[in-house]
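Asker: Top to bottom, those sequences are chains A and B. Position one of the first sequence corresponds to residue 1 (the numbering used here), numbered consecutively onward. Position one of the second sequence corresponds to residue 1 (the numbering used here), numbered consecutively onward.
Don't read these hints as lab results, they were simulated from the structure. Please read all numbers here as calculations on a predicted model, not as lab measurements. Heads up, a few of these hints could be off.
Because identical chains share one entry, a pair is satisfied inside a single copy or across any pair of copies.
Stated by the list, open to error - Heads up, simulated EDC-like pairs for lysine to aspartate or glutamate below, C-alpha to C-alpha not over 20 Å straight-line: (1) K508 x D475; (2) K506 x D475; (3) K365 x E411; (4) K51 x E281; (5) K302 x E138; (6) K394 x E383; (7) K400 x D372; (8) K302 x D28; (9) K51 x D581; (10) K365 x D381; (11) K508 x D470; (12) K302 x D316.
There are 2 protein chains.
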Amino acid sequence: MDLEKRGYMNRILTVDLTQEKFNTQSLDERVVYRLLGGKGLATWILYQMVKPDVNPLDPENVLALATGPLNGTIAPCQKLCIASKSPATGTINDSYMGGWIGGELKFSGYDAVVITGRAEHPSMLVVDDGNVSVKRCERLWGMNTSAAERKVIEELGEGFKVAVIGPAGERMSPIAPVFSNLRSAGRGGLGAVMGSKNLKAIAVRGFRGVKVHDESMFERMVWIALRTLRMNEVTVRSLPIYGTDNILLTINETGALPTRNFQTGRFEGAEMISGESYRSELWLKDFSCCLGCNIRCSKIMKAKRGGGEVYVDGPDYETIFSLGSNCGVSDKEAIAYANYLCDEYGIDTISVGVIIAFYMELYEKGYLKGEDLPVKPIFGDGEAMVKLAELIGKGEGVGKTLQMGVKRLAEKYPGSEKFAMHVKGLEMPGYEPRAAQGMGLCYAVSERGACHLRAYTAGVELCGYGGGADPLSHDRAKVQLAIDRQDEKAVVDSSVLCFFTLFGLKLKEVYQMVVSATGFEYKDPDELKKLGARIITLSRLFNVREGFSRKDDTLPYRCLEEPLPEGPARGQVVHLDEMLDEYYELRGWDHEGIPEKETVSKIGLKDII
Amino acid sequence: MDLEKRGYMNRILTVDLTQEKFNTQSLDERVVYRLLGGKGLATWILYQMVKPDVNPLDPENVLALATGPLNGTIAPCQKLCIASKSPATGTINDSYMGGWIGGELKFSGYDAVVITGRAEHPSMLVVDDGNVSVKRCERLWGMNTSAAERKVIEELGEGFKVAVIGPAGERMSPIAPVFSNLRSAGRGGLGAVMGSKNLKAIAVRGFRGVKVHDESMFERMVWIALRTLRMNEVTVRSLPIYGTDNILLTINETGALPTRNFQTGRFEGAEMISGESYRSELWLKDFSCCLGCNIRCSKIMKAKRGGGEVYVDGPDYETIFSLGSNCGVSDKEAIAYANYLCDEYGIDTISVGVIIAFYMELYEKGYLKGEDLPVKPIFGDGEAMVKLAELIGKGEGVGKTLQMGVKRLAEKYPGSEKFAMHVKGLEMPGYEPRAAQGMGLCYAVSERGACHLRAYTAGVELCGYGGGADPLSHDRAKVQLAIDRQDEKAVVDSSVLCFFTLFGLKLKEVYQMVVSATGFEYKDPDELKKLGARIITLSRLFNVREGFSRKDDTLPYRCLEEPLPEGPARGQVVHLDEMLDEYYELRGWDHEGIPEKETVSKIGLKDII
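Using the sequences and the accompanying hints, generate a full structural model.
Answerer: See the structure below:
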C-alpha cells in the first residue's frame, strides 16, 4: 500500500530531547487503516510508548503532534491533534488546535512528531522541510505567547508555523495550553508537558505536497462538503456572524448556562454577554483560524482597559461562560480583557474561569476567612475576576495555588469538594449537565475528564440541532446519542477536521472525503463510525491501564445531588448511574467500565496493540 | 362518544346569508376521529357542500371557519382555519390565522361556522355566546381593516373577537385575505369570498369552557410541549428575537432568496433587510399573535413616511422577500410601509410583492412600452414599489389590473408567462425552488398552488433543521421528506396549532396533547401522521373533481428551464417530473395525480365521503 499517495507522508518523526536524537519511521499500514490518523494515531502512539504510572511531567512522558489524511489537502477546516498523558487528570489527553501548523507539518514531510525526554536548556524544536534541529532559546523563556511566536518567526524566517507556550506552561501549570496563531490546544495541560520538556516552541516549515488517492473525486467531494457548509444556518450564519457565542442566549433560556459556579443555569446578565451584544459593541473582524476554513467563527474583539486597548481572539462561548456568567460577571470588556491575559500568559480560559468561580464560592461560603486576599473574590465583580486571572497567569500570590486547578484547590478546603466543578481534575465547560443529561454522561465518560468536545450532545439537546432531543431524558436513546456523537467526533479528530464542520456536514460528507483521499475501502459512513468507536475504546484502555474505572466516571456532587433551582430543567439532577450502565453495555465494556476482551478483539484492536 | 368532553363543542353553525337562516348540527364522530378538526374538518365540509364548478365568487361557494380539539384549551399557539374554494386558483384553499378568534369561537359554543349565500346588504355575522345574528353594516363598507375591526368592537362591546376584510376584499380581489387582530388568513383570496357574500366582518364572543378527556394528563402534556418549545434554539431565540426574518441571511447565503422576480437567488442588499437589521433599527416590540403562544415571533415595527410614522405588525420574512429582494428593494422602511398599506387595504403581501416584481420585469423587458405608467416600475426603486402597492390596495389605475394577480396579468402579455411566478394562480413565496428542490415539489403539489406552508422542506434543506438534507437532491428521500412534512403539517392544521410549533416540537408532543385532549385511541404519532395523509388525499379529491391533475402540478418555466445563475445552487433547475412520479407513487395516486380507488379506501376515506 502506497501511503504516500493516500493522503499520508508516511513518516513519523521521533525526537528525544534528552539525547537530542531524531528518528524517522514509516507508518504502520494496519494502524492507519484502523485508526486513520490524528486522534487515532496519537492514541495508538501514546498507548505504545507511555509506560503506566509515568508522571506526566517526567521526561519519559510523550508529547505527540499528529495529523490525519485530510491535513494539508484542500479539505475544509483543518486542525492539529496534540496529545500526551495529562498533568491535570493523569489520563490520556488529546486536544485540537487551529492555526496553520497542522498542514505545515505535512508539507515538511511528516504525519506526526513524537517528543520524549527533556532538553537541558530552554529550547525549541525546528522542523524545516525535513531538516530537524533543537535550538537553545533562553531568550524566549518567560515571554508571553504572542511575543514568543513572533520572535521565533523573526529569528527563523518567514513561512514558519510556530506552536509555543507561555510563562504558565514553563511553570508546568496543569491548566497551560499550547498556542499557535491565536489558537490553542487548550485543555489538560499540554503546555505544562512542553514546559516539563524545557520546550518553549515548535517551529515547522515545508514545501512538499500532499497526494490523495483519487484527485478528481476528492476535489468533487471537498466541493460538496464546502457547499453543504454554505447551506446550513449554523455554519453559514450563526457561527460566521456571532461566533460560538451565538448560542449563549439559547443556553441561558434552556437553563443550562452555568452561573456563579454552577449554582444555577440562568444568568440575569445574559443579554449583556450574548454573541449579538459582543458583535455590536466590541467586534472588530472575523477570521478563519485554520487551513481551508470557510466558516470563520473566530472573532477579533477589542477591549479598553486602563487607558489602553487590547485586541483579542475571542472571547468565544466557553470563555464567556467561564469568566462571565460562571463568575457572575456581565462586563463584556472585563471578560475580553481577561481572555487576552489568559492567552498571553498561556492559561486555559475555561479552567481559569471555573477556578475563579470556585474561589468566589469558597469566599461566599466563608472558607477563606483569615486568609490574606489580593482582592475580594465576589461573584459579579469583573475587576476581581480580571485581577485573579492575572495572578493565575503570572503564578503570583494566590495565583500560585489557583493555577493548580479546582481539584487540588478543593483538597485544601475540606467539604468544598461538593462544589468543586471538575471531572477527573479537568474543570467543567459551559453546559449545565442537570439541564442536558447527555452532557452529564459525556463529561463523566470522556477520556480526559469534563470535556464538552468529546460528544457534543448539547447541540441536539439544547439547540435542537439534528432534530433535537429532550434534554431531560436519560434513557438508552440518549446514551446512544452520546455514543454516536463521540464516535463521529473521533473520526473528525482523526481526519483531522474542525469539530464545527459537523454542524453542517453529516458523517457521510466526511466519509466521502476520507475515502477519496485515502482509497481505504471503508464500506460506508457507518464503518468509519466504527473506526471512531475503536479509537474510543483504545483511549479507554490507556486510562484503564492507569487505574481508571467506573469510580472515576463521575460528576461533581452538585450535579448529582443538588436539584437545579430554576429554568425549564428546574428540579433536575443528573441520572448518571443509569446512563453509565447503558453506556458501558453499548460500548461492550464491563460494569466497571473496563473493555471486555471480546470487544477489544471484535472491534479490531487486538492485533494492533 | 361524548365529544363535548373530548375537546369539542360538538356543534357546527351553518349560516345561509341569502335567507338569513341559521342551523346547528352536531359533529359526525367518525369524521372527527378520522380528520380531527380544523383543516380536516373544513376540507370535509367543503368536499360535501361545494358543488363542482361553482364560481368561487358565487353565493353558492362555502366559507368555513373551523377549529380543532386544541383550540380554546391551554395548548400552545392556537390558530383558526378558514377555508373556501379559492377565487385565485379554483382549488380548495385553507388558510390559518392568528388572533384570538379561534378559541373564542369555541367559547361561543361552536367548533365551526359554515357560511353560504350572499347578504343583500353589507353585513356582519355576530355570534354572541350561542346567539347568532346578521347585522347590516353599510357604515363599515369601504373602511380599512384596522378601523373596521375597531369599529365593530366599539359597536358590539368588549370581548368580541372580530375578523374583517378591507376594501380589496369588498372588491373581490383574489389577493384579499381575512384579517383579525393584526393577523391574516392571507392567501388565495378568502377575503374576496367574504366580499362576494357582502360580509364585511365576523364577530364572535363566548363564555363557555372547553373540556378535555384527561385533564391532568393533558396539562402535563401541554407543560412538556411548552418546555420543549423553550428548549429549542429556533423557538426560544431565533423566532422570538428576530421574528421569521431571522432566516433571511441564511436563505440569501444558500442562494435561495428570490431576487428581482426570481431572476436570481442572491440579493446584494440582504444585510440591509435582515432580521438583525430590522431588530436594531425599526423594532418596537414583540407580541404573541394568538392564544397560548410562548414563541412571540410577531414584531411591531415603526416606519417613517411622508413626515409621519406608522406602526405595523411585521414585516415578516415573506413580506421582506416579496416587497424587498424580489423587487430589488433594500429600503427597510419602504418595505415596512408597504406592509402597512397592504394590511390596511386588505391585500396579501406575498402576492402584492410578486405582482409588482413581475410588473417590474415586464417593464425591464419592454412589455409595457406605450402604456400610461403611474410610476416607472424599476427594480430597486422603493418609492415605486410603495406606490404600486398603494394602487393595488385601492384598486385604482393600474392597480385595478394588478390586483387580479400574476397569472391573469401574464395573460395580457403573450410570452411573459415564462417569468410569471405563480403556481395554479397563487404567487410564489420566498424560497427559490431551484436552490431547494423539495420546495419546488411542495409548490407544485400543494392543494392551493405555490404555498410554502404546506410542506416546509426549506427549514431542513436550507437551514439544516432536523438534521438537514441536501437542498439539491431530488431523490425518493427528498420526496419522502416533503410527504412527511406535508402530513405533519396537516395534523397541526387540524389541531389547530401554529405551524411554528413544529420548529420546536416533534409530532410526538402534538400527539400527546391531541390524545389526552380527545381520548381518541390513536396508537402512536405515526397513526396521527396517517390522519394527515388522509386529509391531503381528501383535499386532492376536491381538486380532482374540479379538473385538476398532473398537468397543473407544475412550476413556472423559469424554475424548470432557466438555470440559477449564482450561489451554491448555481446551474440548477427543478427536477420536477422525477419527483412528481415518486410523489404520486408514494401517495398511492396514479400517474396523473388522481388518488387510486384502493388508496381512498385503504386510507380511511371511503366511508366518510
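Asker: Against each hint, give a clear statement of whether it holds in the structure.
Answerer: Verification of the hints:
no. : hint        : in the structure
1   : K508 x D475 : between (26 Å within a copy, 16 Å between copies)
2   : K506 x D475 : between (24 Å within a copy, 18 Å between copies)
3   : K365 x E411 : within (16 Å within a copy, 79 Å between copies)
4   : K51 x E281  : neither (51 Å within a copy, 62 Å between copies)
5   : K302 x E138 : neither (32 Å within a copy, 64 Å between copies)
6   : K394 x E383 : within (17 Å within a copy, 62 Å between copies)
7   : K400 x D372 : within (14 Å within a copy, 83 Å between copies)
8   : K302 x D28  : neither (47 Å within a copy, 67 Å between copies)
9   : K51 x D581  : neither (30 Å within a copy, 63 Å between copies)
10  : K365 x D381 : within (16 Å within a copy, 65 Å between copies)
11  : K508 x D470 : between (25 Å within a copy, 11 Å between copies)
12  : K302 x D316 : within (13 Å within a copy, 34 Å between copies)
In terms of the numbered hints stated before, the structure departs from hints 4, 5, 8, 9, listed from lowest to highest.
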